[in-house]
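Protein chains in written order, with numbering that gives the first Met the number 0: chain P, 0 to 637; chain A, 0 to 213; chain H, 0 to 243.
Just so you know, these hints were derived from the structure itself, not from any lab. Ideal Cβ positions, reconstructed from N, Cα and C, are used throughout, including at glycine. Be careful, since some hints might not be right.
[Said to hold, decoys possible] Which stretches of chain P does chain H cover? Using the computed rule of at least three CB atoms under 8 Å from a CB of chain H, they are:
1) 44-58
2) 61-69
3) 267-279
[Claimed, not checked] Once the Cα atoms are required to be at most 35 Å apart in a straight line, the calculated DSBU-like pairs of lysine-lysine come out as:
4) LYS195(H) <-> LYS179(P)
5) LYS13(H) <-> LYS481(P)
6) LYS15(H) <-> LYS534(P)
7) LYS484(P) <-> LYS13(H)
8) LYS41(H) <-> LYS252(P)
9) LYS534(P) <-> LYS48(H)
10) LYS364(P) <-> LYS159(P)
11) LYS41(H) <-> LYS373(P)
12) LYS179(P) <-> LYS10(A)
13) LYS1(H) <-> LYS484(P)
14) LYS146(H) <-> LYS496(P)
15) LYS60(P) <-> LYS13(H)
16) LYS535(P) <-> LYS241(H)
17) LYS10(A) <-> LYS10(H)
18) LYS525(P) <-> LYS41(H)
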Amino acid sequence: MITLNAKIPEGPLEEKWTKYKSTTKLVNPANKKKLDIIIIGTGLSGAGSAAALGELGYNVKVFCYQDSPRRAHSVAAQGGINAAKNYKHDGDSVYRLFYDMIKGGDFRAREANVYRIAEVSNQVIDHYSALGVPFAREYGGTLDTRSFGGVQVSRTFYAKGQTGQQCLLGAYSSLNRQIKAGTVTMYPRRDMLDIVVIDGRARGIIVRNLLTGEIERHSAHAVVLASGGYGTIYYLSTLAVNSNASAAWKAFKKGAAFANPSFVQIHPTSIPQLNEFQSKLTLMSESLRNDGRIWVPKNKGDKRPANDIPEEERDYYLERRYPTFGNLVPRDVASRAAKERCDAGYGVGDTGLAVNLDFRDAIKKQGKKAIENKYGNLFEMYQHITGLDPYEEPMRIYPAGHYTMGGLWVDYELMTTLPGLFSIGESNFSDHGANRLGASSLMQAAGDGYFILPNTISNYLSGEIRTPKVPTTGAEFDEAEKKAKERIEKLLSIRGKNTSTTFHRRLGKIMWDYCGMTRNEEGLKKALKLVDELKKEFWSDLMVPGEGADLNQELEKAGRVADFMELAKLMITDALNRKESCGAHFREEYQTPDGEAMRNDSEYSYVAAWEYNGDDEPILNKEPLKFEFVELKERSYK
Amino acid sequence: MNKILFSAVSKKFVMALAGLFLLLFLPVHLGINLMLLKEDPEPFNNAAHFMATFPLVKVVEIVLMLAILVHVIYGITLQIINWLKRPVGYAVRNKSETSAFSRFMIWTGGAVLIFLIIHFFNFYFIKLGLVEGDPENFYSLAWQLFNIPGYVILYWICFALLGFHLFHALQSAFQTLGLNNDFWTPVIKGLSLIYAIVVPIGFAVIPLVIWLFK
Amino acid sequence: MKLKLKIWRQKNAKTKGSFVSYDLDNVSPDMSFLEMLDALNKRLVEAGKEPVAFDHDCREGICGSCGMFINGYPHGPVPGLTTCHLAMRYFNDGDSITIEPWRAKAFPVIKDLIVDRSAFDRIQVAGGFISVTAGAAAEANSVLVNKHQSDMAFDSAICIGCGACVAACKNASAMLFVSAKVSQYALLPQGRIEAKTRVRAMIAEMDRQGFGSCSNTGACEAQCPKQIKLTNIARLNREYYKAF
């Protein structure tokens, strides 16, 4: 059994991070050169940390599966990035950002971590701005902000609907600077197959070169996972289709605890599924809810075109249920409400799995031009994908898997329970508790990468200065490589009838139906059985053509799906264990009479950190959450 | 230093400058040619004589010849290099929404070059004494040529192609020199069009008038 | 919908490739072009054959992974769309579609429709950055930026690095790609400090990577899925001349 030591510094909330930074152990510049760090992933956190660690003088090796680090999925974030700058003079502060996150996360995040990310958020904006990220500006030349995602202040910095892209390209540019300086070496088109543990410490990785199929060994004094979330477990999600959980899952199997795996955010406004081959659900920015009104017909199964349904026969259910926040309720609430209506038979479109997001009133009031200025590119994208014109008829939207609050358990230093293995950005269980607020993911990823990890990793590495370069010839490397090769052989040798995508799609359906927006004990237990059966079928009926020593995209997919099969069980186990509703985790058994989430603070105010236990059930470790600085409250948006 | 002088951008810069200089010379040449329309050969021959003997013109002439040489050599080498940048071509290639003029510069330019060589043999080399003939009476030489139907047809084709070349050339030169913005570029494109029509028509009209009226 | 596909198949960089024809039925007009290829690949894999390899990732038009030459156009015939956003609605029942990889000396074919675009990364490594160390930046609002300039910088910065400009250009030139980055920084005060060294380094690297030169045909602008403008190339030229 592992012990969870969060290593939260003593002292008042506002002083913890400052005190930590001033007292943590450092590595002197001459020694930094001798220390190798491996980073998996080149999103906002991976590229950012690689740049920052390179700037400090460490010897960094970075890996990504894409052909270029610039394609990491941070690129797709649309809305913005939060910071407590208070430029709008509207009463924002580090504390308020901290509090909004704690509350938004339904009191399931660690206070000290959340306060720290709120603190560094301002540095992130300064840094990106200096890197030439073209954030929106006021006419006077200062930075503009907008309000976003159910908060009362305007603290979201943005670059039209492409904030993620611009921030990622900023991070990519600083990464490039270090590649040029020689402190960072980039290894694109590599899939991480395993973590090599020597004497209880993470010392290296096994990767597959996706171009040649060659299995490579890389060693280091520390390994950092910045490999993103696992939302593609649902197959259909807003994530890049190749995003995967494999790196984090391999870490789990090598001793890193996995925390709150069932906390998955379902985004309320994505374009619904249109065809059976659909591979991806495209997000329509949350900002649309600022002007669009969400409704379904009052009559069940009303198949009339939306514009033919008169006002009195429309049910603006969010405005009805949540008069204070209306269409702007947080993501989890909006998603569940849409599902509730559709499950009850009021959904629109051919499948009945969609609700209307209507701009009729906004266009009437503000004019088509104003709406076009705000959302023109989104409307155009919608029209290209669906063939429907949102200026003329309501958009159809439906929730889609989006972001995983769960992830590898990390302490205050962002180190997992496997010494020497760190986890940053979405891949850790993070600062978002049971639900993430809009525009916080870029903030956390960038904060972790640029400003937190570079400060905390030195505490670990200061103990490593006497460790010589780790050779890649040891028994542990041999063993890990052998296992990786065996698995590839196994996947290739099944020669069944179905593609890994077919299995992935089926797994996704099970997870979506039973471990998605709402869960119940019966469904979860059924899902466990279904996943088990599917897993068996996968390992006996999978078809992967081609060979291992070649570019083989089917093999890549198969490996990722195999890992998802295992992770799915952990997600379900976690969802079964948490007998309360909190944030994105909604257990149908635990709700108020009017359908709101019922949290159980006395029994479940903890982080569930699961420990790998071979073929047996994973072991639950609990990190109790102590709220010293905020008062636990019911989260209400009514 | 080589990298800078012979970078892709620098080569284009030289091309553009040389081209622009040639663009300046064309109207001058046209002005002299229009004198062919007079009954009296004196003004034309005088102008030709002036162009052949005035010292300052001599200097400009050297620059002009250099400009032609540079423009041609750079144009051809750049084109060959560019061809090598796509060793395997496409099986299906659609007409993208770019003007055909811009895509066939090497061919329109080549046609103009061929005409230029003929032209040099007919006139310029006589002046230099490389080819036999009377440098003091280009007027009658021109008249003689314009009375050969085959020559006139070649002459017209070449000027039509020159027009196509010029239409892209002027705006392209400005773009290469870095002079492109939302306000001036449409103006430059308009001027390019006018120039590309007026100058070649001016040249082409001369043999036509001679045929019809003289 | 029923389609006749003619797809470039090439085992690897060393072998010669050729076109292979496939008939595909039951294509839904709601599918994206990549989903249509997924359907073909499903059929191939279930028959134990190697699927058509192509790069793709976000499938929402922003990562820049996907890109193929479709009936003579990079990313297909509809302007302003990446291949992943190209809906099959834009094709007709019975259409023949020829699909080729990007063709350029600087983008060698790796397999089928996958090409090596790492030359783009090397150009960015040469100078596509502002040298500021994490933690060294001043308060963001201490540097004021003209809104108009900043918006123009954004319009240049939205390049997704897909390579369609190179694929479209008859000279396989990367000028639009390079100019987008150079412009973004040239337009911002933060980027002016290193403007000269940046543009020189990036142009030198561009040449070294084997891209052609620009002959101002504008094919790149016409085919860019993000509609990056040709004025960027003029600005790149200007910045280059100013750098001496």
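Here's how the hints hold up against the structure:
no., hint, verdict
1, 44-58, "holds (count 4)"
2, 61-69, "holds (count 5)"
3, 267-279, "holds (count 7)"
4, LYS195(H) <-> LYS179(P), "holds, 17 Å"
5, LYS13(H) <-> LYS481(P), "holds, 29 Å"
6, LYS15(H) <-> LYS534(P), "violated, 39 Å"
7, LYS484(P) <-> LYS13(H), "holds, 25 Å"
8, LYS41(H) <-> LYS252(P), "holds, 31 Å"
9, LYS534(P) <-> LYS48(H), "holds, 23 Å"
10, LYS364(P) <-> LYS159(P), "holds, 23 Å"
11, LYS41(H) <-> LYS373(P), "violated, 40 Å"
12, LYS179(P) <-> LYS10(A), "holds, 27 Å"
13, LYS1(H) <-> LYS484(P), "violated, 41 Å"
14, LYS146(H) <-> LYS496(P), "violated, 58 Å"
15, LYS60(P) <-> LYS13(H), "holds, 29 Å"
16, LYS535(P) <-> LYS241(H), "violated, 66 Å"
17, LYS10(A) <-> LYS10(H), "violated, 38 Å"
18, LYS525(P) <-> LYS41(H), "holds, 29 Å"
Consistency note: the structure conflicts with the earlier hints numbered 6, 11, 13, 14, 16 and 17.
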